[in-house]
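Fit chain B to the supplied structure of chain A, relying on the hints for placement.
Protein sequence lines correspond, in order, to chains A and B.
Note that this note's numbering gives residue 259 to position 259 of the first sequence, counting from 1, and the numbers run on in steps of one.
Note that this note's numbering gives residue 1032 to position 32 of the second sequence, counting from 1, and the numbers run on in steps of one.
Where hints are given, some of them may not hold.
[Claimed, not checked] Cross-link-like lysine-lysine pairs, in silico, BS3-like; alpha carbons within 30 Å at most: (1) K1088/B x K1169/B; (2) K1095/B x K222/A; (3) K1051/B x K1165/B; (4) K34/A x K1025/B; (5) K92/A x K507/A; (6) K1165/B x K1025/B; (7) K1169/B x K1026/B; (8) K1026/B x K1165/B; (9) K1026/B x K34/A; (10) K1087/B x K1165/B; (11) K1025/B x K1088/B; (12) K222/A x K1026/B; (13) K222/A x K1025/B; (14) K1169/B x K1087/B; (15) K1088/B x K1026/B.
Hints were generated in silico from the structure; no laboratory data involved.
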Amino acid sequence: MASIELHNPARSVDTHGHDHHDDHEHEEGTFLTKYIFSQDHKVIAKQFLISGMIWAILGGTLSSLFRLQLGFPDMDMSILKPILGGWIEDGKLNPEFYLAMVTMHGTIMVFFVLTAGLSGTFSNFLIPLQIGARDMASGFLNMLSYWFFFASSVLMMWSMFIETGPASGGWVIYPPLSALPQASPGSGTGMTMWLFSMALFIVSSLLGSINYVSTVINMRTKGMTFSRLPLTIWAFFFTAIIGILSFPVLFSAALLLIFDRSLGTSFYLSEIYINGEALPNMGGSPILFQHLFWFLGHPEVYIVILPALGITSEIIAVNSRKPIFGYKAMIGSIMAITLLSFIVWAHHMFVTGMNPFLGSIFMFLTLIIAIPSAVKAFNYITTLWRGNIVFTPAMLFSIGLVSFFISGGLTGVALGNSAIDIQLHDTYFVVAHFHLVMGSAAFFGMVAGVYHWFPKMFGRMMNEKLGYLHFWMTFVGIYCIFFPMHYTGIAGFPRRYYSFTTYDTFKTFGDLNAFISTAAIITFFAQFLLVFNFFYSIFRGRRAPLNPWRSNTLEWTTPIHPGHGNWVGEIPHVFRWPYDYSKPGAEEDFIMQTVPYSETTSSNLEGEVDPVEEESSSKVHA
Amino acid sequence: MNDKKLPIWNQATDDAQPTLSMNPKKFSMWLFLLSVVMIFASLTSGYIVRKAEGNWVDFELPPIFWLTTGILIVSSFTHHLAFVNAKKDNLAQVKGWMLITALLGVSFLVTQWYSWVYLVNINVYFSGNNVAGSFLYVLTGLHMLHVVSAVIFVLITTWRTQFDKVHSKNLLGIELCATYWHFLDVLWIYLFFFLSVFH
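Chain A on its own, in the form it takes in the complex:
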């Protein structure tokens, strides 16, 4: 086994009884520099992952709570009083707090879990490992990125424990609700903290993204040309570009909102009456905020989904034991999605009274996104087609992602039409659409990534049986939650409403809502299978072999417990693309990227020769 040569014996010393960071015990430095203020991209990735998991549990808890209200409006919630305190009044959930929970659920899931938790974890972990770099372009900025995120998290968490509650104007924080402290209890201090927390979050995200792009372009190992990059890296790369271009715009939007709230400007406020009294603000435009917000907000959904799609591309190819179908088309579709993501934002604003002609332009651009998205979906399916599929938990979650991406994407085609959107705007149809295509799909990508790269992160394997159970409960659960929502949405059921039983039209949906809520709460509890499996396996999991999934990419050439710097000795060179699976004529069904063509003469296709052989004829490129 080559692993013996690669393996520094000092690294494999077992540390039973120590904490789970045994993979770094050989490194110099104190506990503080090794695990807390570490500049090692792998440690930072784990920090992001565990923070993201904590946020996900919190976000899920919030959704379970408001699903209780929606599914069982007559329920006596007094038993929750020890947790929620004054937010439960006479056994009922406070309506203001309901709105705050919906807002925080959205904010937490979109930004803290699926942006920081997903990109932060996997871009950090995989970029240096898969392109063959010792670390990020700047380890220091990378560390700052995590700690800005941490500060942002603390502030957001804190805002949930203040007396007036957190922000409650929806995660899109439209003014004037968000601009006027009088509008609701959450629009006071809670909103201020939301804005400052997000400002820190933007800084964190920019530091991260700048590092990712700069690393991918400048730090690749020899031979790792762009056309040999794994699709994960392509996806992370474009995600980071979207982040660099769109997060500053959210910053602008938030800055003007802060001025309106605290310094008396009127960027977004005009002619507002509160309790019969006119506010002094004149001349502002709330629509301006929506334009600025959605210029971030729409690319943001691709920041969430692209890394998940990249992870899926890799996992599906590895576990189908086949090259990814249409490698170049996959890259092209990521590029197309990136470009289109910036010119479709107004499809969130069809009901703002925009010029119908402008509306049809945005509709047209929106529908074009269906093409690159369909290219990706078909390529996943054709990669699976007649493959020697290995159903690892990661593979199941990746296939689950494809399923959600298709079923949620189809409703996206419907909603992209302004005529249909005006009818369905702000109904549960929209809720169902984005929870499937963006929420669940991205979440599945993240979970798939955790199952797949856990052996590289912690040197141990996760329990497969628990993984299967987790997959089936989550997969079935998610469809039980979101499929019925399409139906209620078409019936006009509005989102964000605290109580629907007061409307005759929606009373009939009582049973359906109870069903959705039950499914949601069961699915939420199923996630603790993952949490348990994750933490248990860190300590007690089966020891991982060097390349457990028989994968081609560079991260599996590092020692089982890679130290800071990733490779012992020289960084490996790359001679081929990452998808040489089941190549006809090859001895094994995978050929790692580090194997030169000169060693695989039996399987080489025409024209596949090493540069060294070309050099013998011309020394130009030496």
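Then chain B, alone, in the frame of chain A:
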């Protein structure tokens, strides 16, 4: 498991092609500038969108903008002279030009402040209902904030010249500083032009 082929890089082969790359720090600086561009692009687009809705108060731009623009352009030249001298290892010159650049930067900030004094004198305030005025304060203020950070960068570079750490073999710091400085110069010229056209 067959990992026989793994230690290929131990065979001292050098046949894989080196990849295209530039200095990651320089590259990161450009990406940072891109994000600053996006902030100002979004604000100026917001300005246009808001202006198109009408109800827009017209007022004269502070004439002192011509002076501040001049100061900033001159400071770009002095920074460039510092850089050229650093390349030629004229260390004394580098110190001098950097110090002058820093001084010009500070005087830009001071004169720019007087543009706000002018605005207040013609009753254009930051707060209130005059969005056109508020935008002017936001755009100039945000730009000044960036110039403050750039002046600090210039001062740090100047400080490093005291220990002869800026010379032809060690140009990265001063180059990054110059990139940022010229960028803010160009950004101001864009803002001035933009405000002159749409006000």
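Going through the hints against the structure:
no., hint, verdict
1, K1088/B x K1169/B, "holds, 10 Å"
2, K1095/B x K222/A, "violated, 40 Å"
3, K1051/B x K1165/B, "violated, 49 Å"
4, K34/A x K1025/B, "holds, 24 Å"
5, K92/A x K507/A, "holds, 19 Å"
6, K1165/B x K1025/B, "holds, 18 Å"
7, K1169/B x K1026/B, "holds, 16 Å"
8, K1026/B x K1165/B, "holds, 18 Å"
9, K1026/B x K34/A, "holds, 28 Å"
10, K1087/B x K1165/B, "holds, 12 Å"
11, K1025/B x K1088/B, "holds, 23 Å"
12, K222/A x K1026/B, "holds, 21 Å"
13, K222/A x K1025/B, "holds, 20 Å"
14, K1169/B x K1087/B, "holds, 8 Å"
15, K1088/B x K1026/B, "holds, 21 Å"
Going down the numbered hints, you'll see the structure goes against 2 and 3, while the others check out.
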